[in-house]
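A.B. asks: First to last, the sequence lines map onto chains A and B. Residue numbers for the first sequence follow the working numbering, beginning at 8 and rising by one. Residue numbers for the second sequence follow the working numbering, beginning at 169 and rising by one.
All clues stand as given, with none of them false.
Derived contacts from chain A toward chain B, CB cut-off under 7 angstroms, selection only:
#, residue
1, Asn333
2, Asp355
3, Leu364
4, Ser367
5, Thr373
6, Phe377
Calculated from the structure, these hints are not laboratory results. Cβ atoms here follow ideal geometry from the backbone N, Cα and C, with glycine treated the same way.
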Amino acid sequence: MTGDETLLAVDGLTKAYPGVVANDGVSFSVAPGEVHALLGENGAGKSTLVKMIYGLVRPDQGTMRFRGAPYAPAEPRAARAAGVAMVFQHFSLFEALNVAENVALGMENPPPMRTLGQRIREVSQTYGLPLDPDRLVGDLSAGERQRVEIIRCLLQDPRLLIMDEPTSVLTPQEVEILFHTLRKLSSEGTAILYISHKLEEIRALCDHATILRGGRVVGSCIPREKTARELAEMMVGAELQLTDRAGRTAGEVALEVAGLSLAPLSPFGPSLKDVGFELRMGEILGIGGVAGNGQEELLAALSGERPTAPGTVMLGGADIAALGPNPRRALGILAAPEERLGHAAVPDMSLTENAILTGSVRKPLTKNGFIDMAAARGFADEIIRAFDVRTPGAHVAARALSGGNLQKYVIGREVLQEPRVLIVNQPTWGVDAAAAAAIRQALLDLAARGAAVIAISQDLDELLEISDRFAALNEGRLSAPRETAALTLEEIGLMLGGAHGMQEAAL
Amino acid sequence: MITLVKRPAPSRLWAWSTPLLAVLATMIAGGVLFALLGKNPFEAIRTIFWDPLFGPNAAYFRGQLLVKAGPLILIASGLAVGFRAGVWNIGAEGQYVIGAICGASVALAAYPAESGLLFPAMVLAAAIGGWAWGMIPAVLKNRFGVSEILVSLMLVYVAENLLAYMAFGPLKNPQGFGFPGSRNLQQYPAAHNPELIAGTGMHWGVVAALLAVAGAYVLMHRHIAGFRIRVAGEAPRAARFSGVVPARLVAFCLGLSGTPAGLAGLFEVAGPAGQITDSFNAGYGFTAIIVAFLGRLHPIGILLAGLLMALTYIGGDMAQLMLQLPAAAIQVFQGMLLFFLLGFDFLTNYSIRIRGALA
Chain A
8 MTGDETLLAV DGLTKAYPGV VANDGVSFSV APGEVHALLG ENGAGKSTLV KMIYGLVRPD
68 QGTMRFRGAP YAPAEPRAAR AAGVAMVFQH FSLFEALNVA ENVALGMENP PPMRTLGQRI
128 REVSQTYGLP LDPDRLVGDL SAGERQRVEI IRCLLQDPRL LIMDEPTSVL TPQEVEILFH
188 TLRKLSSEGT AILYISHKLE EIRALCDHAT ILRGGRVVGS CIPREKTARE LAEMMVGAEL
248 QLTDRAGRTA GEVALEVAGL SLAPLSPFGP SLKDVGFELR MGEILGIGGV AGNGQEELLA
308 ALSGERPTAP GTVMLGGADI AALGPNPRRA LGILAAPEER LGHAAVPDMS LTENAILTGS
368 VRKPLTKNGF IDMAAARGFA DEIIRAFDVR TPGAHVAARA LSGGNLQKYV IGREVLQEPR
428 VLIVNQPTWG VDAAAAAAIR QALLDLAARG AAVIAISQDL DELLEISDRF AALNEGRLSA
488 PRETAALTLE EIGLMLGGAH GMQEAAL
Chain B
169 MITLVKRPAP SRLWAWSTPL LAVLATMIAG GVLFALLGKN PFEAIRTIFW DPLFGPNAAY
229 FRGQLLVKAG PLILIASGLA VGFRAGVWNI GAEGQYVIGA ICGASVALAA YPAESGLLFP
289 AMVLAAAIGG WAWGMIPAVL KNRFGVSEIL VSLMLVYVAE NLLAYMAFGP LKNPQGFGFP
349 GSRNLQQYPA AHNPELIAGT GMHWGVVAAL LAVAGAYVLM HRHIAGFRIR VAGEAPRAAR
409 FSGVVPARLV AFCLGLSGTP AGLAGLFEVA GPAGQITDSF NAGYGFTAII VAFLGRLHPI
469 GILLAGLLMA LTYIGGDMAQ LMLQLPAAAI QVFQGMLLFF LLGFDFLTNY SIRIRGALA
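Pulled out of the complex, with its shape left as it was, chain B reads as follows (with noise of 0.2 angstroms):
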């Protein structure tokens, strides 16, 4: 008979390689699924997480590693921060298709003055945007205990009509001969997130990502009112005993995640992507989700989960691309691995015990 005992204190050796265990799990299952579609499985695999790195190409797809994590990590470090409370913000999508709307209009409402304002006013109304629309849940939460988790998430289909509105209306590029989508800020200098440092895809999105990492780390692991949000995730009662305000934390938190997410999304307008599409959101908002929990809601942990996660974007892409593999196929190897992850993290809190049928 195979019991399940809870730990006396979590195992923090298995904290640390669950993560490991998920990924090597995910890699068998993956090639499982794989081989099922007729594909050489360990081709399949190298494709996904060596080649980008080290194989033929490696020059280019390394530099898009950064700006594929740079979202991520900066969208996710904020998330972990409310998820640590148990503050589901499931909606960074969403705030992340506003952040990259206001930030675009301030830049498209300026065009073409060239000011080194400009780029710093972009920031600012995309961390705003960001902000305000994590803080619709938070007040229906708040004013009449409506769920977070639901309103957060049905504001991202309400982001995406919006962001199609204005790429298809207000924002639509005046020369661009009909097309639906905004001018391209890449093409205007003030507005531009450029890559920093050529070929390595370093843009200010990653920078502020780096920055989000230290930050979080900072506030959860070094200050009070981390050590709050920790107390309010895991001791409710606990935590209102020291203090914490349970409004005061959701809307603290809702903004917190808010805010990143929102600037992700500006550096991605004004930077890789370049213009406000009505398809300009390609679910980092969604992933990030992904990416705190397979970094263990730890800003160290999620800055190497947005490299993995980005790796197998780009290693997905490739599979796509030179193996025929469906879209749908590597969207499952994703889901595999957040699946994988939670599977195993049970093994954290409770070891397996196999015992005779009689005790």
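Okay, chain A solo, but in the shape it has when bound (with noise of 0.2 angstroms):
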């Protein structure tokens, strides 16, 4: 398949941003019908390079050069006219529209609503994208979003397909789905550039990886010849450490959750529908699920930012569903939402200010209501150390930090209030390896100490990592929570409500 013909050479690709260089002279080549893995850790500069091939950023330096002839895209629209499509993580799609309407939007000359309908069907046949051109896309699965972009992308019959972490918001089965689509793809002679890392897809679906670290290229290998834990190791490089997950001990039920239902926080949003489960102390339960299935409706019902019907949230078999946050957090019920800018944090605040946001309850922080600001900064330097916060100071604001280092902070300033429950969202989404290591460990830790812990996470396998039982959400709906140990992949797919559209494929 990968003959000596090149269909995309970059050589030497630079782009610099105000203090931080993306790209330092990256260098690879991909052939035609060759699905190449960009592989690395957030911030190695995967997607700035994608972006310049897609034209969205110009690169300071470097030369491109496509199907033979020189390449260098001023715009995305150039991008596709001479055979590049991209599908990005975030969809830019509008949830009142259908499907159809949303795929014309994005094509330059879009066919009559009719013929494209007709158009979507095929190619979706064809690929095994079941997916219906009538159906809003507000009622749609994010895997099936997600195909509304790719089909967008095929109708255009590109020669370069670039997919930007694509199966961050799959359920096992969906990935099936997709790898076969981009293997069928692959086989044509489209070639794929496929961004993740996660590894053992990688290995399952790629022909050839670069691997970047800090703006450049490392290393490349074929995948199949690694082992996982070889290729984490060329992506942080250095060794991994793993978590301990010793010396837990499950205890007394703590938080009992019965017949929970709440309203969509937003249009299109999902509604809890009669949640229910039982948290015991020393236990840390994983609830799995692609996000926007009820994880933020979930948090705000447990956190108390949204109280709920009497009797659906028992602590100690003390019904708190009417208490607030505040309330909440003297009896030990401490959160950690996933957006951590504008949620967990106050952006154009400083940590020291950060503290005192959810502090101030449990900790010492103000007398008579007044704040004491030596107080204040003195948590604020104890999370900063205990959680390694790289930041030159607490008087930092909070957007300053990286994605991972605020993200330490936010956990650290709920694990240091030793909550008796303890709630996280996405606890390392966005964070770097070593960062997302020491945020399990903590959490772990914590659950060790007697707290009970509840991680909302999309990524499985942190959850299958770090939780004694998993359940999972989707619609808005809970499983029933089982012990991880026991669960097979397999299962936790079909948990997760299989491949979302799938069944009528099946039919």
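Hints in hand, dock the two standalone chains.
C.D. replies: Listed below in structure tokens is the structure:
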């Protein structure tokens, strides 16, 4: 498949932003029909690189050749005209429009709606991507939305398809469907540039991998010939530390949730439907599921941001469903929401002030309501030290911190308050491997000290690594929690709702 | 090519220097405006900014400075708390009028009784009146989701009509020979808000303004309630997460900004103005919005901005009188100040980079 001919040749691409060199002399090449992985941690420069190939960002230095000719797209339209298409990690779809209308909006010269609908059906059947052109995008699952984006690209008949972290929103079964499509495309000669940090996927799918670290190419390999661990160490540039999950015993029931329902927080958002579970002291309950299936709503209901019906949330036998966040904090229920900037932390406020944000109830940061700035600074410094937050000091604004550092701060702030129950949503989202490992270890240590932890995450590997029991959140419904140790990936996939929209296809 | 780059953190230097820059730019643009009107710009600027403080009649005008600045600072201190939370009370002018009506009504009802308790009772009535007028938009927002901006603004016109009705009707001076307007409270010792130190312009309203500055500072920068208000303005979701109940916040802020506005109305009607007339209100409630922003919504800044704004009022009056500048030109001049302030404000959060055409 990978002959001498090259489809895309990238030579010495360099792109610097103020204060950071995102890409530093990056060179690699892709052959027609090749599935080529770009592997690297967050911040390694993968996104900048593909944005240059797609014409969104102009390189400072370096050249590209595409199908033998010099290639320097000034804008994405030029890239598309040359035969390069891209599926972004974050979809750009209008929820109030249907599939065909959304596809038409992304095309240069959309055909009439009826023809387009017909073509969408053809492409979706050819490539095994079931999709009804007449459905509203607002009603689609994340996996189905991604299919809309993919089909939009395929209608342009690309020679090179770029996919940025495509599986982060998919269930295992949906990943299988996607891989099937990508292999078919590859066999027809379309090359695929596949960005991911999920090593097993890359081993399963990709012919070749280029590994980026700190904006430079640090190696290339044939992924099938390496173990996941070897790939990870190439990516991180150091030996990986395994988390230690020893020393935990489940105690008495801490939190009891029963019949919990909640209206959507936003239009097209999911509602919680009859959620129920028991959480024991010293236990980590992992809640998996693709984002947008009720994770934010569940966190809001547990943290007290959205009070719920009487009797739906009980702590140690007492009904706390009507209590707001601060009374719950007083009882020992703490939470760390997914959105760091604007929800878990105030972007323009200093780390000291952000320590007060949730810390004033359990820590002596106020006297008769007056803020004790020295105590607040002390608490902020304690978090920074204990969680190795890289910052010039506690006076720095939260938004000046990198995502991983701010996440460590946010988790640290809650963990250091010694909660009885801690709820975290996407604790390691967008966080580099080392910081993610530190956060997971902190959660494990907290549970080992006897606290109960709920970890809501899209990252199944993470949940399998830390959680004692696993439940799946799908369209606002929570499955019955099961012992993690006894679960297979296949079963987890089915708990997550299997492949959305595949039931019709199977008939 | 000029590009704007968002600063990683707001620049403290720019945050404090933009008000000064805005004043400077206003002087320049105002000078151009006055020149176009055929006046000597330097003389006009000097008349506005210098003469009231150091000119020939400065002794009188310096006293006026506190009289004008008092209500501005008092109202702006309250407004700024709400603005920090993202609660936009545009109707302080109405709350000011209602406070004056309520306070004056108490005095006029008691007339001519002399009692040490009368003035405190007037203050209380004015506070309640301003608070209640502020609670109308709060309740409508919380119950029906109506914009507090529109409701509070519209209530200004309701209050103005009520004022005219009072001046011509229930509160009209029975011994006023049919002229509109109430009895003059300056001639009613128990109700009068006198100058406390002769020649300074210092009256109870100025004292209240200084207390408001101190109170607002303590609330916003020392107390957890003020901290939560600031969080609510900057990141509403984070505020909810930290325990803020949005409806309560709206009511708190509108009440807190209505009360001082009502008080300012009382101190004015019982002091410098003396009586309820249909033209009693002079736009302090609206100008206080400019003062609040000019002062960066910070109590100390508001104190300085209030004094500056009062200066342009007095200087503007002088310029009208001495140079025959039209009143509208002075209003444009004051408007420019806010315009430039908001324009330069951009530099606090963004820096300008000038780059070649090809990056």
